[in-house]
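Asker: Starting from the structure of chain F, add chain H where the hints point.
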Amino acid sequence: MNESYPYLKLFGLTFNLTNDIGILVTAAIAFCLVFWLARKPQLRPQGKQNVLEWIIDFTNGIVKQQMPGPEGNRFGLLAFVLFVFIFINNQVGLFLQVDVSGKTWFRSPTSDPVVTMSLAMLVLVLSHYFGVVFKGFKGYLQGYISPVPFLLPINIIEEFTNFVTLSMRLYGNIFAGEVLVLLIRQFAFSGMGGPTSFIAGFVLEMVWQGFSVFIGSIQAYIFVTLAMVYTSHKVVSE
Amino acid sequence: MASLGDMLFLLVTFAVLLVLVGKFAWKPVTKMMDTRADKINNDLDYAENARTEAQALQEKRQAELKNSQADAVKIVSQAKENGEKQRQQLVDAAHTEVATLKANAQQDIAQQKQDALNSAKDDVAELSLAIAGKIIGKELNADDQQTLIDSYIKGLGDANGTH
Numbered sequence: 001m002n003e004s005y006p007y008l009k010l011f012g013l014t015f016n017l018t019n020d021i022g023i024l025v026t027a028a029i030a031f032c033l034v035f036w037l038a039r040k041p042q043l044r045p046q047g048k049q050n051v052l053e054w055i056i057d058f059t060n061g062i063v064k065q066q067m068p069g070p071e072g073n074r075f076g077l078l079a080f081v082l083f084v085f086i087f088i089n090n091q092v093g094l095f096l097q098v099d100v101s102g103k104t105w106f107r108s109p110t111s112d113p114v115v116t117m118s119l120a121m122l123v124l125v126l127s128h129y130f131g132v133v134f135k136g137f138k139g140y141l142q143g144y145i146s147p148v149p150f151l152l153p154i155n156i157i158e159e160f161t162n163f164v165t166l167s168m169r170l171y172g173n174i175f176a177g178e179v180l181v182l183l184i185r186q187f188a189f190s191g192m193g194g195p196t197s198f199i200a201g202f203v204l205e206m207v208w209q210g211f212s213v214f215i216g217s218i219q220a221y222i223f224v225t226l227a228m229v230y231t232s233h234k235v236v237s238e
Numbered sequence: 001m002a003s004l005g006d007m008l009f010l011l012v013t014f015a016v017l018l019v020l021v022g023k024f025a026w027k028p029v030t031k032m033m034d035t036r037a038d039k040i041n042n043d044l045d046y047a048e049n050a051r052t053e054a055q056a057l058q059e060k061r062q063a064e065l066k067n068s069q070a071d072a073v074k075i076v077s078q079a080k081e082n083g084e085k086q087r088q089q090l091v092d093a094a095h096t097e098v099a100t101l102k103a104n105a106q107q108d109i110a111q112q113k114q115d116a117l118n119s120a121k122d123d124v125a126e127l128s129l130a131i132a133g134k135i136i137g138k139e140l141n142a143d144d145q146q147t148l149i150d151s152y153i154k155g156l157g158d159a160n161g162t163h
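Sequence order for the protein chains is F and H.
Under the working numbering, think of the first position of the first sequence as 1, with each following residue one higher.
Under the working numbering, think of the first position of the second sequence as 1, with each following residue one higher.
Pulled out of the complex, with its shape left as it was, chain H reads as follows:
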């Protein structure tokens, strides 16, 4: 019976082929396919995570940017205020100093003027006394002389229109 031999031969050959293909081709290739599928899965998960993380960071950064903008505005306005205050203080200080200086100077001027007038008065009195003594050869009483000079000076001042 020819068919039984052929059948056995086919079955054995097929079994051997099944084992060999399974060992040398099927296993390595399907393993690689599984590895690839896993890797793709992992990569997709990783990309998803990275995306959400990036979005969170972006939002955080946006918020921080907004905060820092507000801070900057606050700082600038504060600085402006401070500057204004300081300027006012400086100006005020300068004003008071100027006023003091002016008052002092006026006082000094008045004092010096008074001093000069006084000394001029004395000089003129002595000078005129000496001149008068020389001219009229007569020694004038110093007190009389003084009153005379005073009256003269007074007349001089009236003529100038100052005092």
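If we strip away everything but chain F, and leave its shape as in the complex, we get:
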């Protein structure tokens, strides 16, 4: 994973193919997985349906924790898809990284800040939109001067810090994980100490990948939780 990517210019826009391929592959995996799990749902759940229902209960739990009222029903699907998408995004790069002739073609899309910022923006724009939908434009604006008017500048700054922390936390964790995966691989193939470094690198890589799976899951959970926290601030009237 070096910092050189293939680019494609189309309609006056430039596409980073590494990100786009990763996003497309992730979305395909996510859809196929969920579609397969949701085949033939039954009243008495069995096998794969239990897995899917557990995930749905899990994300619904995240939503309901922040929005116990009827507002929460609108966000169940968003939280579910967001969680599955980010979770798979975080994991794909751990098992598959493709470098061809000095260019990176495949790695976790979330190890690029553009992708995480896009996700954070999506969530925050949605939160503003639903804030207006649920509370009206006046109620939405009043949210900026509550609880007291002189907090207005802080509330405005908060919108930007929310955006930055939400995206950068995810990016930093996944990026660091993938860099270390790459470093361990280079160490294993460096030839220092012959087979010793290879075996040590092999073991280290396995350990680090396992830990990164954990980090990726936690980060997906944190991202969805914070997304719902920010949304609930905008949506729920105290």
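Think of the hints as simulated: they come from the structure by calculation, not from any bench.
All clues stand as given, with none of them false.
To give a feel for the contact side, a few chain F residues facing chain H, derived at Cβ under 8 Å:
(1) L24
(2) A38
(3) I56
(4) F85
(5) V114
Backbone N, C-alpha and C define an ideal beta-carbon position, used for all residues, glycine too.
Answerer: Leaving out everything else, chain H in the frame of chain F:
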């Protein structure tokens, strides 16, 4: 500017994913989950109702059992009473009948005894008259003869000690 293209690509992909997952996975599964929750609710309500109903029936049955026990006791005691009464009646009837029969029989016996005595008296009188006529060849006056016989018979009875 690479980031704008990527951002649009991500947003479009995510939107499509959202729609597809919502249509093909989320909707059927959550619908099934809701159906299940409803069914469990209904079943719980139904079980609660059935339980209370069963309890009511049980109480009713208990009360009826108690009633029927009282009824049975009453019926048995009544039957006993009736039986006793009937037995008494039968015994009384038998007693009176026996008494009547005994009285009748005694009367009959006395009558027959009287009749036998009377006829024996006549026979003996005629017989002794005939014998006496034959023996003494003399015709006795029938009245004299009669008194004689009577006195004899009387003496006979005294000797027997009956009359």
